[in-house]
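Protein chains in written order, with this note's numbering: chain A, 1377 to 1703; chain B, 947 to 1381; chain C, 328 to 706.
You may find that some hints are simply not true.
[Stated by the list, open to error] Derived lysine-lysine pairs resembling DSSO-like cross-links, with alpha carbons at most 27 Å apart:
| hint | chain 1 | residue 1 | chain 2 | residue 2 |
| --- | --- | --- | --- | --- |
| 1 | C | K372 | A | K1427 |
| 2 | B | K1209 | B | K1290 |
| 3 | B | K1237 | B | K1171 |
| 4 | B | K1199 | B | K1268 |
| 5 | C | K436 | C | K543 |
| 6 | C | K646 | C | K669 |
| 7 | B | K1332 | B | K1370 |
| 8 | B | K1268 | B | K1371 |
| 9 | C | K669 | A | K1418 |
| 10 | C | K376 | C | K661 |
| 11 | C | K376 | A | K1427 |
| 12 | B | K1364 | B | K1237 |
| 13 | C | K436 | A | K1399 |
| 14 | A | K1427 | C | K605 |
| 15 | C | K384 | C | K372 |
| 16 | A | K1415 | A | K1427 |
| 17 | B | K1371 | B | K1209 |
| 18 | A | K1629 | A | K1666 |
| 19 | C | K605 | A | K1399 |
| 20 | C | K656 | C | K646 |
| 21 | C | K365 | C | K605 |
| 22 | C | K412 | C | K366 |
| 23 | A | K1399 | C | K484 |
| 24 | C | K543 | A | K1399 |
No lab work stands behind these hints: they were computed from the structure.
None of these values were measured; they are calculated from a predicted model.
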Amino acid sequence: MAIITIREALNQALREELARDEKVFLMGEEVAEYDGAYKVTKGLLHEFGNKRVIDTPITELGFAGLGVGAAMAGLRPVIEFMTFNFSILATDQIINSAAKMLYMSGGQFNIPIVFRGPSGSAFQVSSQHSQALESWYAYFPGLKVVMPSTPADAKGLLKSAIRDDDPVIFMEQERMYGQKGEVPDDPDFTIPLGVADVKREGTDVTIVARSLTVPLALKAAEQLQEQGVSCEVIDPRTIRPLDIDTIVASVKKTNRVVIAEESHPICGVGAEISAEIMERAFDYLDAPVKRVSGVDVPMPYAKNLENLAIPDVNRIVAAVREVAYLD
Amino acid sequence: MATKVIMPKLSPTMEEGQISRWLKKEGDKVSMGEPLAEIDTDKATMEMQALGNGVLRKILINEGQSAPLGQLIAVIGEADEDIAALLSEAPAQPQLQEQKETDVPPKAPDATQPQPQLQEQKEADRPPSAPNLAPANGRQPQASSTASGTGRMIVSPLAARMAAEAGIDLRSLQGSGPGGRIIKRDIEAVISKPKAAPTPSYVQQAGASAYRDEPASQIRQTIAKRLVTSIGPVPHFFLTTEIEMDRAAEMRKGINALDPDLKISINDIIIKVAAAALIQHPQVNASYQEKIVRYYEQADIGVAVAIEDGLITPVVRAADQKSLSQIAGEVRELAERARSKRLKPEEYTGATFSVSNLGMFGIDEFTAVINPPEGAILAIGAMSAKPVVRENEIVIRQMMRVTMSCDHRVIDGATGAKFLQTFKKILENPLYLVV
Amino acid sequence: MSKQTAAPPSAAKAEEQQSSTGAGVVDAPPQVDPQLLKKERDQAKERQKDRFSGVDKDQLIELYRQMLLIRRFEEKSAEAYVAGKIGGFCHLYIGQEAVGVGTISAIRKDDYVLASYREHGLALAKGMSARAIMAELFGKATGCSKGKGGSMHMFDKSLGFLGGHAIVGGQIPLATGTAFATKYQGTDQVTLCYFGEAAVNQGAFHESLNMAQLWKLPCIYICENNQYGMGTSLARAMSLQNIAQKACAYNMASEFVDGMDVLAVREATLRAVERARKEYLPTLLEIRTYRFMGHSMSDPGNYRTRAEIEKYQERDPIKLFSASLLEEKIVDQKTLDEIDRKIHEEVEDSQRFADESPLPDPKELYTDVYANPIEPGRK
Chain A
1377 MAIITIREAL NQALREELAR DEKVFLMGEE VAEYDGAYKV TKGLLHEFGN
1427 KRVIDTPITE LGFAGLGVGA AMAGLRPVIE FMTFNFSILA TDQIINSAAK
1477 MLYMSGGQFN IPIVFRGPSG SAFQVSSQHS QALESWYAYF PGLKVVMPST
1527 PADAKGLLKS AIRDDDPVIF MEQERMYGQK GEVPDDPDFT IPLGVADVKR
1577 EGTDVTIVAR SLTVPLALKA AEQLQEQGVS CEVIDPRTIR PLDIDTIVAS
1627 VKKTNRVVIA EESHPICGVG AEISAEIMER AFDYLDAPVK RVSGVDVPMP
1677 YAKNLENLAI PDVNRIVAAV REVAYLD
Chain B
947 MATKVIMPKL SPTMEEGQIS RWLKKEGDKV SMGEPLAEID TDKATMEMQA
997 LGNGVLRKIL INEGQSAPLG QLIAVIGEAD EDIAALLSEA PAQPQLQEQK
1047 ETDVPPKAPD ATQPQPQLQE QKEADRPPSA PNLAPANGRQ PQASSTASGT
1097 GRMIVSPLAA RMAAEAGIDL RSLQGSGPGG RIIKRDIEAV ISKPKAAPTP
1147 SYVQQAGASA YRDEPASQIR QTIAKRLVTS IGPVPHFFLT TEIEMDRAAE
1197 MRKGINALDP DLKISINDII IKVAAAALIQ HPQVNASYQE KIVRYYEQAD
1247 IGVAVAIEDG LITPVVRAAD QKSLSQIAGE VRELAERARS KRLKPEEYTG
1297 ATFSVSNLGM FGIDEFTAVI NPPEGAILAI GAMSAKPVVR ENEIVIRQMM
1347 RVTMSCDHRV IDGATGAKFL QTFKKILENP LYLVV
Chain C
328 MSKQTAAPPS AAKAEEQQSS TGAGVVDAPP QVDPQLLKKE RDQAKERQKD
378 RFSGVDKDQL IELYRQMLLI RRFEEKSAEA YVAGKIGGFC HLYIGQEAVG
428 VGTISAIRKD DYVLASYREH GLALAKGMSA RAIMAELFGK ATGCSKGKGG
478 SMHMFDKSLG FLGGHAIVGG QIPLATGTAF ATKYQGTDQV TLCYFGEAAV
528 NQGAFHESLN MAQLWKLPCI YICENNQYGM GTSLARAMSL QNIAQKACAY
578 NMASEFVDGM DVLAVREATL RAVERARKEY LPTLLEIRTY RFMGHSMSDP
628 GNYRTRAEIE KYQERDPIKL FSASLLEEKI VDQKTLDEID RKIHEEVEDS
678 QRFADESPLP DPKELYTDVY ANPIEPGRK
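Next up, chain A with everything else stripped away, as it sits in the complex:
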């Protein structure tokens, strides 16, 4: 077991998969000579050369589509968006080409592509650079959406995503690249998509968190433990397909649920999980499902406003106390 950062874990995953399969290549802005805008791809150009690690012009729609076309012709592209905010330019190719190709060709052309990059807020980068877009992509049948929150999850899931024969939207979090954690040494360590992880066991309240809110939820759980409330923290890890059974089993045990997410509440993943819980565990709910989401405004620049816009430990603690009827 090594203790490494999420950044390093992703780097390892890319390195291992590039080495393992000739058909895998990496493409994006500044991924090669710059070593990656966030240094996730550091050293890969040096090791694999510019046939496998390719710098692109600023041309998201173009290179996303190029990736899909390359996948149709047998390659396994890993396309980096410097941030997922820029993926918006490429959505026509992600959605109308990648997501639908297999279906509309009657099963002839699968697209084994990974679109990866940081999603969600950073530090004071303002509204156009701070969007958490997972619910957008999770909406489309044909795509898979993954959001890791720890180095081990990041590495294992990225390797699985690259090996997966379908388009995977792999959403990292810029604030978390430096977060450390244990990662198994096994060079073939993978984590299957579609499996949630119980990050902390508990009996009183279930907290479903993803990406940025996972460490926040864990901190909240610590605080709540001292207040006599035992929280179970579940990280779905894969948003589509969602391992709802693990979440429901937990809710049946605790009877109360808080969903913590960085994204806006409206039409978000939290709303989807809430609907599923209501459908499958209605008779087990002692309180309504509570969402702690990012505030429904564009992300402001000012530091204090930005902090208010994103869920924090206090808000999660308050929500847990609310569903436990403690205040």
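Based on these hints, arrange chains B and C on the given structure of chain A.
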């Protein structure tokens, strides 16, 4: 400033009240705290106090009439005040603001006078249990979850399921969740599971006794339901007589000596004698059935048996045709099955006449409630040695008092009396049984 | 008339292009001069016959056959559409046959073709059967995409026909990607990418051509300039209407081609294919053509005059080619009639096949969403 008098919640389970008696009439002066009316609730008759000063301007609900909780029933105001606006509100707003299922605190108390009393009650209503109980963020005390009249009860899905599984009536509960929501811990409190700290709901009224609410068992509910339909509509009258039991007691001893397996009791003899008397007085072995009187052809005697949480009356069919030993055996078996709750419905329904014996508890006499649709029931008291006058001399005899309750719709005084005469005659001279 | 260019930017001017059609590129004169038309047509025929020497007889006949097949197939599709057997949109290739047949005749079976939604003709030219295409149009289980794509999404992996794309210009980055992949994998395969002139205004076009030239990708970008993007003429949509000229923005080779002459198209394509296979360089071909029907079956066509349509029908590529073939005695009328008859049968057969084929099994609604569907929760 006029005061609305609304039907107050005088018991936790009250949903509507009936005006038993107005203690003031329109035009009378009224001051704060004075009794205004007597109100019949589901439990008892309670006094309602005035919560304002002034004159009782208008009574809206008369004696004998009912109103749901929160409905405007009278107005107190100044003698010359215009109360038309207030009057127009009755009874369009049958509900207290608090009964609505919102988390918003109830309307400010100035509007409705009875509120302070209610609030006090509600605050008192809330369980004082240790774990989790401060009012939510300084909210007003929560409304009772059993809403008035047409109000909705709010329950979490989990609590609803738990209550259904445990056979708990949600209407008897106070919810401790927001807006009076009944939640898991409220159910747990009732079930008193070991893992959750049991939170008995102690209601505190100044001066009144503390009490504990438990859900009524099925059998209790059944007894309640059935006997209310008896003592209410059935016009009972009661006949008492004293019976000399010496010969019956001797007969019993003699029979039991014949065979150790025979264990005849006095009650078995009573059953047989009652059955015999019924055959001789068919008008008593009858039932009033709404324009029909049903006369039974055999005497099916219901024998009251006390069981763990109530009372049940297994039936000895055609007791007039059975021997004492048969009756004894049957009663023993039925009683045992009654206590272990293994009676089949056809074994405890359809009696034509019932016998209830509290003699073993030392009761001298008592009046029993008829089991509808039977025409009568015999309440047997204890046998005890008493001095009596026989042929001008005081002698000691075993005396037993019996009281017969009769349904006057089918049995008149004389009819019942004649039956009782026969019963007494046979019981005092059991040899009549073989004649 | 076509302009040949080498790698450096072409110096084509708008005026030179006008000579091939005898009239302004965008202004169809309301008055049609029959004499002028005849002259044009004869000139075109002469030019075409000059090209015959490079092609053997069987191949010429095959070119003719394919164009006629497409024509008859599309006519049949129109018929089926108005009879309600084809739903949704149906974009016909009538008038543009020479472009598809000419270009595809210049490539191999293992080369890739990506097209827009007006692709039935291209699919036929690439070798897909009339049956598979007609069944797909009818939405049947035997269609090339199992009935799940429809008119705009024809695919055949075994023949290298990669669709059928409905977002205007969406196929251009995809084609750039397949060219990237073939180069990456070290083969000499090329990719042909077809799009209309209106797609040239999409950002995806510019992004793709930039990358293709920058990274030297073997992609041939074929702009089928039929002069109308749905109801909008080129003049109303494009500031610089010389599409071949736009290649200079990317330092890319380009050519302007008369799309009504199947052999001209074929020759231009052969040049571009050579460039792609040998040098991994892309080419932009602007092929001027015309569609005789509306944008789609739902198009009333009020944006063109009858006269304009008639004018171009004088330049019908099939008529032109058959005339050339006859005059050069490559074939006789009997052979042409025989070909006609066979094609008629083939097309009739395809409709019969489509009619009789079953609809897709309802279970197919749920298949092919994922190549590896995941049961969530299973570890």
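query: Checking against the hints above, which ones are violated?
result: 1, 9, 11, 21, 22
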